[in-house]
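> Assemble the whole structure, with the sequences as input and the hints as a guide.
These protein sequence lines are chains A and B, in that order. To convert, note that position 47 of the first sequence is 47 in this note's numbering; the numbers rise steadily by one, no gaps. To convert, note that position 21 of the second sequence is 21 in this note's numbering; the numbers rise steadily by one, no gaps.
Heads up, a few of these hints could be off.
[To be verified] Capping the alpha-carbon separation at 16 Å, the derived lysine to aspartate or glutamate pairs in EDC-like fashion look like this:
1. Lys364(B) / Glu417(B)
2. Lys61(A) / Glu22(B)
3. Lys447(B) / Asp421(B)
4. Lys408(B) / Glu42(A)
5. Lys408(B) / Glu141(B)
6. Lys364(B) / Glu379(B)
7. Lys243(B) / Asp204(B)
8. Lys152(B) / Asp203(B)
9. Lys152(B) / Asp41(A)
10. Lys408(B) / Asp33(A)
11. Lys152(B) / Asp204(B)
12. Lys447(B) / Glu490(B)
13. Lys364(B) / Glu352(B)
14. Lys227(B) / Glu217(B)
15. Lys447(B) / Asp491(B)
16. Lys364(B) / Asp33(A)
17. Lys447(B) / Asp463(B)
18. Lys243(B) / Glu476(B)
19. Lys243(B) / Asp458(B)
20. Lys447(B) / Glu379(B)
21. Lys408(B) / Glu48(A)
22. Lys408(B) / Glu45(A)
23. Lys447(B) / Glu497(B)
24. Lys364(B) / Glu31(A)
25. Lys152(B) / Asp53(A)
26. Lys408(B) / Glu31(A)
[What the hints assert, rightly or not] To give a feel for the contact side, a few chain A residues facing chain B, derived at Cβ under 7 Å:
27. Leu36
28. Leu40
29. Val46
30. Phe54
31. Val55
32. Gln60
33. Lys61
34. Glu64
To be clear, the hints were calculated from the coordinates, so they are not data collected in a lab. Model, not experiment: these values are computed from the prediction. We put the beta carbon where it would ideally sit given N, CA and C, even for glycine.
Chain residues, written in single-letter form:
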Amino acid sequence: MAEREQIRKPAPASRERAVEDAPAVSERSSEIDDQLDDLLDEIDEVLESNAEDFVKSYIQKGGE
Amino acid sequence: MAVPKTVGLETEYGIVHRGASEPNPISASSLLINAYLIAAQPSSPVTPGRGAVNWDFTEERPGHDARGGAPADALAPEIETHLVNAVLTNGARYYVDHAHPELSTPECADARSLVVYDRAAELIAVRSMSAARLLLPEGEEIVVYKNNSDGKGNSYGCHENYLMSRAVPFSRIVANATAHFVTRQIFCGAGKIGTEAAGMRVDDAGYQLSQRADFIEEEVGLETTLKRPIVNTRDEPHADAAKYRRLHVIVGDANMSQVATFLKVGTTAVVMALTEDAAAGRELRFASPVAALRQVSRDLSLRAPLELEDGSTITALEVQWELLAAARAYVDARGSDAVGGEATQTVLSRWETVLENLQQDPSKLAGQIDWIAKLRLLEAFRERHSLAWSDARLRALDIQYHDLRPDKSLAARAGLETLVDEAEALRAVSEPPHDTRAFFRGRCLQKFAAEVAAANWDSIVFDVGEGSLRRVSMAEPNRGTVDHVGAMFEDCDSAVELLRRLGSADA
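Put into structure tokens, the structure is as follows:
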């Protein structure tokens, strides 16, 4: 199911156009984008490698 | 006049024993806590029932109901007295509750101080994990998560406590508390993918603001483990019962963001103080509070109309603006002595800024509010890898946001603003707050642990070898501070001397 979803790519073209239209904002937002990119790189690195198994095995008893 | 809002948090952490062939959450929790106690006090090895100072259960009455009347025994929460249960030198309680490690902060005098001790609790959990690793076989690890649900219908709590006057009618507390608890999620929700509400499939709701809303089923009640209520009626003041009650709040999420914890506790303390002094604006009564709570949690636009009893509607943001206005008017008229003094102005101004941002552009709060910070990570990660919302990697990210291991925690990487510096939190791992009775408890354990037989919230029992145990009562949460007893601790070199100075009666 995940593979099928991968066909739907976001449309980067429209975002680039918006950046051209608003140069003042673009500098700041590209900085934020860079930060987010770094953050995503880090998440790629530290995220549980077998997500499916990890999520399945994360079972807690009810508490309180 | 409202009584000073002494506050505290009890956090039950999620726990995973990785690499174990037959993981058992109760033994993993015990091992985690014992490992910490051994590492923190290497000179006094912990054996069951001795070593670390134990919790004293004689005053525990979790079955008492604030609405009055005798509690039904069947409803009274079970107390597991045989499991590890220790008092720490910072005045906190660290123990196994059901199948979770739980840490109750010491009593704090304001929301900022509580943020310090909540961060200290996280640091204690981090140290516990490291200490446990040394005791475990190669390839095994115990990991602690500060969240409230496993995504499969099991929830564990982060309870808040507020000292209140016994004189205030409980029905008045219920009205204002409900209005606040249903709507404060917009800034103190920790965020969650999917729903676990009874009768719904996990994908019936996408992302929601709160971890807990799915598990709240009643308006008012004594329960904490099933049919959980918006307003909990446990009437166990842990203080002079003729003067005080303790509002025990079970509806909230555990927060990774310090700003969220600060606002959760700070706003609730003000709302409770103005409730005591009957200074609320109009009383807001939802037609169906439980439905409204869930509606708010599932409405990322924050603009869903919530139905009131009189047939009109109101949004969560509008309720919060009304409560903020009442809080401002209250503090202007009565001052902030009852609601945490200096920290109160910061609570009010941050509350206002957060509401403004929620109204105009919630994404601006990605560095302050957990559900927004987590949503930002989820959306960006989803876009980068073109994932469906049902993808396991997004659910893993959701859980790992709350992972307390510094090298794995995603919240620690989300750029969240901090309100207290790490050095202050580090000191609070072993040093009690100076401005509540937790100071007395903490100092007794720092100086005279060998003579302390047991302790609980409102008393300490000493065994000084004179044939009888001596109980020192601490029925006033705001006495036993450094101002009251600091000099006495400096003067006394032994527990016997301390007891003589206190002139305590035999237990």
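> Each hint: holds or not?
Hint check:
1. Simply put, Lys364(B) and Glu417(B) have alpha-carbon atoms about 12 Å apart, close enough for the 16 Å limit, and the pair holds.
2. Restraint check for Lys61(A) and Glu22(B): the C-alpha separation of about 15 Å stays at or below 16 Å, so the hint holds.
3. The straight-line distance between the Cα atoms of Lys447(B) and Asp421(B) is roughly 27 Å, outside the 16 Å bound, and the hint therefore fails.
4. A threshold of 16 Å between alpha carbons decides the hint, and for Lys408(B) with Glu42(A) the separation of about 10 Å falls inside it, so the pair holds.
5. For a cut-off of 16 Å, the pair hint linking Lys408(B) to Glu141(B) stands: about 13 Å separates their Cα positions.
6. This hinted pair checks out: Lys364(B) and Glu379(B) have alpha carbons roughly 15 Å apart, not beyond 16 Å.
7. For the suggested pair Lys243(B) and Asp204(B), the alpha carbons sit about 47 Å apart, so the restraint of at most 16 Å is broken.
8. Annotation: proposed proximity of Lys152(B) to Asp203(B) holds, straight-line Cα distance about 12 Å (limit 16 Å).
9. Distance hint between Lys152(B) and Asp41(A) is unfulfilled; the C-alpha atoms sit about 29 Å from each other, more than 16 Å.
10. Proximity of Lys408(B) to Asp33(A) is assessed by CA-CA distance (about 22 Å); at most 16 Å being required, the pair is judged violated.
11. Distance check on the hinted pair: Lys152(B) and Asp204(B) sit about 14 Å apart at the alpha-carbon level, within 16 Å; holds.
12. Our distance criterion of 16 Å between C-alpha atoms is met by Lys447(B) and Glu490(B), whose separation comes to about 10 Å.
13. Straight-line distance between C-alpha atoms of Lys364(B) and Glu352(B) comes to about 14 Å, which keeps the hinted pair within the 16 Å bound.
14. Only pairs whose Cα atoms come within 16 Å are accepted, and Lys227(B) paired with Glu217(B) is accepted, the gap being roughly 5 Å.
15. Proposed proximity of Lys447(B) and Asp491(B) is supported: the alpha carbons are some 12 Å apart, at most 16 Å.
16. With a CA separation close to 14 Å, the supplied pair Lys364(B) and Asp33(A) stays within the 16 Å bound.
17. A threshold of 16 Å between alpha carbons decides the hint, and for Lys447(B) with Asp463(B) the separation of about 14 Å falls inside it, so the pair holds.
18. Proposed proximity of Lys243(B) and Glu476(B) is supported: the alpha carbons are some 9 Å apart, at most 16 Å.
19. About 14 Å separates the Cα atoms of Lys243(B) and Asp458(B), which keeps this hinted pair within 16 Å; it holds.
20. A threshold of 16 Å between alpha carbons decides the hint, and for Lys447(B) with Glu379(B) the separation of about 51 Å lies outside it, so the pair is violated.
21. Distance check on the hinted pair: Lys408(B) and Glu48(A) sit about 9 Å apart at the alpha-carbon level, within 16 Å; holds.
22. Distance restraint check for Lys408(B) and Glu45(A): the Cα-Cα separation of roughly 9 Å lies within the 16 Å cut-off, and the hinted pair is therefore satisfied.
23. Of the supplied pair hints, the one linking Lys447(B) and Glu497(B) holds, its CA atoms being roughly 12 Å apart against a limit of 16 Å.
24. A C-alpha spacing of about 15 Å is found between Lys364(B) and Glu31(A), which places the hinted pair at or below 16 Å, so the restraint holds.
25. At roughly 14 Å between alpha-carbon atoms, Lys152(B) and Asp53(A) fall within 16 Å of each other, so this suggested pair holds.
26. As the CA atoms of Lys408(B) and Glu31(A) are separated by approximately 25 Å, the hinted pair breaks the 16 Å bound.
27. The beta carbon of Leu36(A) is positioned within 7 Å of a beta carbon in chain B (closest approach about 5 Å), and the interface hint is therefore held.
28. Here the hint on Leu40(A) is kept, as its CB sits about 5 Å from the closest CB of chain B, short of 7 Å.
29. Among the interface hints, the one on Val46(A) holds; its C-beta lies about 6 Å from the nearest C-beta in chain B, closer than the 7 Å criterion.
30. Interface restraint check for Phe54(A): the shortest CB-CB distance to chain B comes to about 5 Å, inside 7 Å, so the restraint holds.
31. Nearest Cβ of chain B to the Cβ of Val55(A): about 5 Å, under the 7 Å cut. The hint holds.
32. Given the 7 Å rule on beta carbons, the hint for Gln60(A) holds: about 4 Å separates it from the nearest Cβ of chain B.
33. The criterion of a C-beta within 7 Å of any C-beta in chain B is met by Lys61(A), whose closest approach is roughly 4 Å, and the hint holds.
34. Look at Glu64(A): its Cβ gets to within about 4 Å of chain B, closer than 7 Å, so that hint holds up.
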